[in-house]
Each structure stands twice: as structure tokens, then as C-alpha cells.
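Once you know that position 300 of the sequence shown is 300 in UniProt numbering, the rest is easy, because the numbers rise by one and skip nothing.
In short, the hints are calculated from the structure, not lab data. A few of these clues could be false.
[To be verified] Below, in silico cross-link-like pairs of lysine to aspartate or glutamate (EDC-like), each with a Cα-Cα straight-line distance of 16 Å or less: (1) K272 - D243; (2) K120 - E166; (3) K127 - E244; (4) K182 - E124; (5) K272 - E133; (6) K58 - D72; (7) K182 - D243; (8) K58 - E71; (9) K259 - E244; (10) K120 - E169; (11) K120 - E179; (12) K58 - D73; (13) K259 - D243; (14) K127 - D243; (15) K272 - E244; (16) K127 - E179.
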Amino acid sequence: MPSRTAITSPPDSAPALSEQDQVQAARKAFGQRLRSLRLDAHLNGRQLSARSGMRDSKISRIELGRQNPTEDDIRVWCRACDAEDQVPELIAAHRQIDEMWEEHRPAMRAGLKQQSERIKPLYEQTKLIRAYEPHTVPGFLQRPGYTRAVIEDVSRFHGLTDDIAEAVEGRLNRLRILESGKCMFSFVVEAGALYAQRGNVTVMLDQLDYIERAASFANVALGIIPLGRLRTIWPGEGFYVYDESLVRSEHWTGGYRTKRPSEMATYLRIFKLLQSQAVYGYAARAEIDAARALLQSREIS
1 MPSRTAITSP PDSAPALSEQ DQVQAARKAF GQRLRSLRLD AHLNGRQLSA RSGMRDSKIS
61 RIELGRQNPT EDDIRVWCRA CDAEDQVPEL IAAHRQIDEM WEEHRPAMRA GLKQQSERIK
121 PLYEQTKLIR AYEPHTVPGF LQRPGYTRAV IEDVSRFHGL TDDIAEAVEG RLNRLRILES
181 GKCMFSFVVE AGALYAQRGN VTVMLDQLDY IERAASFANV ALGIIPLGRL RTIWPGEGFY
241 VYDESLVRSE HWTGGYRTKR PSEMATYLRI FKLLQSQAVY GYAARAEIDA ARALLQSREI
301 S
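Sequences are here, hints too, so could you generate the full structure?
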């Protein structure tokens, strides 16, 4: 059970960067690393252009983070600066930045089922998954009917033509992993997610029943942040932390990924703060019961 000690949030004057902003900041920092290589080689932009064959304007855009260099650009840059020993490290850093943000529309062209299959090995290799969801039931807790409703919404919004049944089957890998007991789960869910109806009333009642049952599993810790709670950490985008090696977060237009230790530490700190706002055990079941009662009252009326 997490501590109930009050923890104050950062000042409003220093808001956290959005994930897209973090990616852009990382690209700008990478450009500054390449600029430092140029300066260490005592080259100005024109001299680097002459040695590398790149245009002055391209060099400037790369250094300012306005253009993403290719791996060949990095090799040519390092060669021109007599710093070829730094190529492996710089390419590894560059690939990590590229992996940080993946736009939904291009990624979904391969299909929702293929997306689920691609990430299945990550689920199977992880020993502890921490998940925070502000608006929806965490994927690992979703029942088939709820998952179908979510996929139908996503398909409609993005204009996808996937076979819904296949996509649902692919997503249910998450539920199977939870029920296998091989992985530990720590969930923090905003109570509002319990009231956001996906599918019909029968689907939602089944989903709420399952959340309550899953909370009793030996490998599951379920915390719910009640409506109207005095906040010491504000609601944000949902995210999943896999062990201490990867963070995934889904947004309207894309998915954020990071393995950077400093970012991991920030997300783990955020998760701990969110845990401090949540209720567990009997109090969490009471939150589920309240959502169920409201849903049933709607059905009767």
C-alpha cells in the first residue's frame, strides 16, 4: 500500500514538456552534439560543407534540430570532423530519438492485429508492468466486449478497414498475460475511466465486474483515484512502464516511447505520486460499485 504522505506538485510556472516537445528537444540536443563536433574540429559551416558535400543550409537546419539527419549524414559529418570513432555512439543515440515518437496513422497501415503481435514479446519478457490510465480501462484489464468497442472507435476515427474480430483477438494477448500470473501488475486508474462508457451497458457491467475480480489476483495491485480528490499530482496522459527499461504512452496522434534513464526516472516518480492519490482494497471496490450503481440506474431509467 503506497504512502498517503502529501506530496506537492511542481510549480505551475514550470509545466512539463509534452512528449512531442521532448522528442523535439532531444533532436535539438542531438544537433548541438554535431555542432560541438564541428567546433572541436575548428570548422565553420562552409568548411564543413566543403568537406562533407552537404549544403550550408542543411548543416544549419541539422544543428538547430530543424532537420533530422540520416545515418549516412552522421557518418559523413563525423568523417569530415575526424571523429569517426564517435559514429557508433551517435547512430545509437539517433535511433533512440527516432523510436521516441511513432505516428498512429502510418503505424496502423499494417493493421491493428499486426501491432498487437509486434509488441507481444515485450509483454512476455516483462516482470513488472506499471500502468496509469486517466480515461479508459487499462488494456491488460479489458474484456473482449470492451476491447471491441475501443477498436471500433479507433477504426472509425482513423478510417481503418481491419477485420475487427482478428484485431480483438490480437489485443486479448494482454488479458492472457495478466491471467497467466507470470507478470506483476500495478495499476492506477482515474475513477472517471470507470464512468466513460464503451459499448453497451452489458459490456460495461461485464467490464466493471472483471476489474473488481482482477483486483483480487495475487499478481495485481489496483489503485483508483476517486472523483473530486484533492490533487497533489494532476491527471495526465496514460502511460505504461515495463520493468525499468521502457515507457510507452499513447496520444491522439501518436505513441511515445523512451528508454532514456532520465525519462524513465521521471515517469517512475510520476507513477509514485499518482499511487499516493489512489485508494486500494475495499475503498477501490467501493469506487467500482459506485460506477456500477450509476450504470445500472441508467439502464433502469
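- Query: Looking back at the hints listed earlier, which ones does the structure fail to meet?
  - Reply: The structure breaks none of the hints.
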